[in-house]
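Participant: Using the sequences and the accompanying hints, generate a full structural model.
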Amino acid sequence: MHIPDGYLDLHIAITFIALSIAILWYVLTRTKIEIDGRKIPLIGIVAGGIFVAQMLNWPIPGGTSAHLVGGAIAAILLGPYMGCIAMASVLIVQCLLFGDGGITALGANIWNMAIVNVFVAYFVYKFIRQKLNGGINISSFAAGWAGITLAAIFAGVEIGISSAFKYSIYVTVPVMGIWHGLLGIIEGIITAGVVFYVYKNRPDLLYLR
Amino acid sequence: MKISEIKSYLSKRSLIILLVLIVATPLFAYAAEIVGYSEPLENLAEEFGAEENPLYHGLFPDYTIPGVDPYIGTIISAVVGTLVTIILIVLILKAMLRGKTNGPNT
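Protein chains in written order, with this note's numbering: chain R, 18 to 226; chain W, 1166 to 1271.
Among these hints, one or two may not hold up.
Claimed, not checked - Taking lysine-lysine pairs in the DSBU-like style, the calculated list, with each CA pair at most 30 Å apart, reads:
1) K1265(W) - K49(R)
2) K143(R) - K49(R)
3) K148(R) - K217(R)
4) K1265(W) - K143(R)
5) K49(R) - K1259(W)
6) K1259(W) - K183(R)
7) K49(R) - K148(R)
8) K143(R) - K217(R)
9) K1177(W) - K1259(W)
10) K1177(W) - K217(R)
11) K49(R) - K1177(W)
Just so you know, these hints were derived from the structure itself, not from any lab.
Facilitator: As structure tokens, then:
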């Protein structure tokens, strides 16, 4: 889902750079309030784990594949603010060291995968877990699925209002949404597996149990 | 911050999981190559004839090291990327922590 250089019109790229900087600025001020120094190594390991997990491309035969994004795992384990910082760090390293995701599209990629994915996943998890008294597995599965699907829909909007995709937002949004909605089932299963494992072994590490 | 406090949040198991994931990267790269890995975004771009126009390739373009065997390049990329990600976020969070303890609101 990493958008490369060349897919977004310049004004779209700049708009999303500005939006992402504004949200990250707010997230950092909240991080400053919430940060617990003892948890820094844990947050580092989660971010490192998400980086390497994103390198594991699922070999799905038939032409359409994906890899874990991990925004929901970050959100449920670290909370929305620390989760957002963790995902943004992963995306910055991927872009600057590995050329994965364009440098002009970094704002849009951070918006989709570090902001939309993380916050949507967090609120879906919180809603099902606390308001509907849902189980840990169903809550984290839904968070994983919804986070990545919404992120993909945003990516569909961004490319769909750009000239490289002939302004075909009515095609790009459903294609991105439906495909990632299907692939998101795997993201949901992996999210639920990781969260359940932590819940069983170290429930104190979950931001929201 | 005491070492014992850090250790309570950092198990040996989590480091082993990280290591297993790193070792798995060349296997997944191989498997993805066999099935012809292609994401929905790439398929859409092909359909519309949208072309990538990379302004910057990074130090390790596409998780490889120029002139090095691609699978060895992948595993080195995994190690370097994981370490740099951890270092980056720890530096950001430590700066935040300093802001917290020295800030005007504390």
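Participant: Run every hint past the structure and note whether it holds.
Facilitator: Results of checking the hints against the structure:
1. Between K1265(W) and K49(R) the CA atoms are separated by roughly 5 Å; this keeps the pair inside 30 Å, and the hint holds.
2. Using a Cα cut-off of 30 Å, the hinted pair K143(R) and K49(R) holds, with the two alpha carbons roughly 22 Å apart.
3. A hinted pair counts as satisfied when its Cα atoms are at most 30 Å apart, and K148(R) with K217(R) qualifies at roughly 22 Å.
4. Simply put, K1265(W) and K143(R) have alpha-carbon atoms about 27 Å apart, close enough for the 30 Å limit, and the pair holds.
5. Annotation: proposed proximity of K49(R) to K1259(W) holds, straight-line Cα distance about 10 Å (limit 30 Å).
6. Restraint check for K1259(W) and K183(R): the C-alpha separation of about 45 Å exceeds 30 Å, so the hint is violated.
7. Distance restraint check for K49(R) and K148(R): the Cα-Cα separation of roughly 28 Å lies within the 30 Å cut-off, and the hinted pair is therefore satisfied.
8. The hinted pair formed by K143(R) and K217(R) meets the criterion: a straight-line CA distance of about 19 Å does not exceed 30 Å.
9. A distance of roughly 22 Å separates the Cα atoms of K1177(W) and K1259(W); the hinted pair therefore holds under the 30 Å criterion.
10. Taking the CA atoms of K1177(W) and K217(R), the gap is about 17 Å. The hint holds against a cut of 30 Å.
11. Between the alpha carbons of K49(R) and K1177(W) the distance comes to roughly 28 Å, so the proposed pair stays at or under 30 Å and holds.
In summary, the structure is inconsistent with hint 6 from the numbered list given earlier, while agreeing with all the others.
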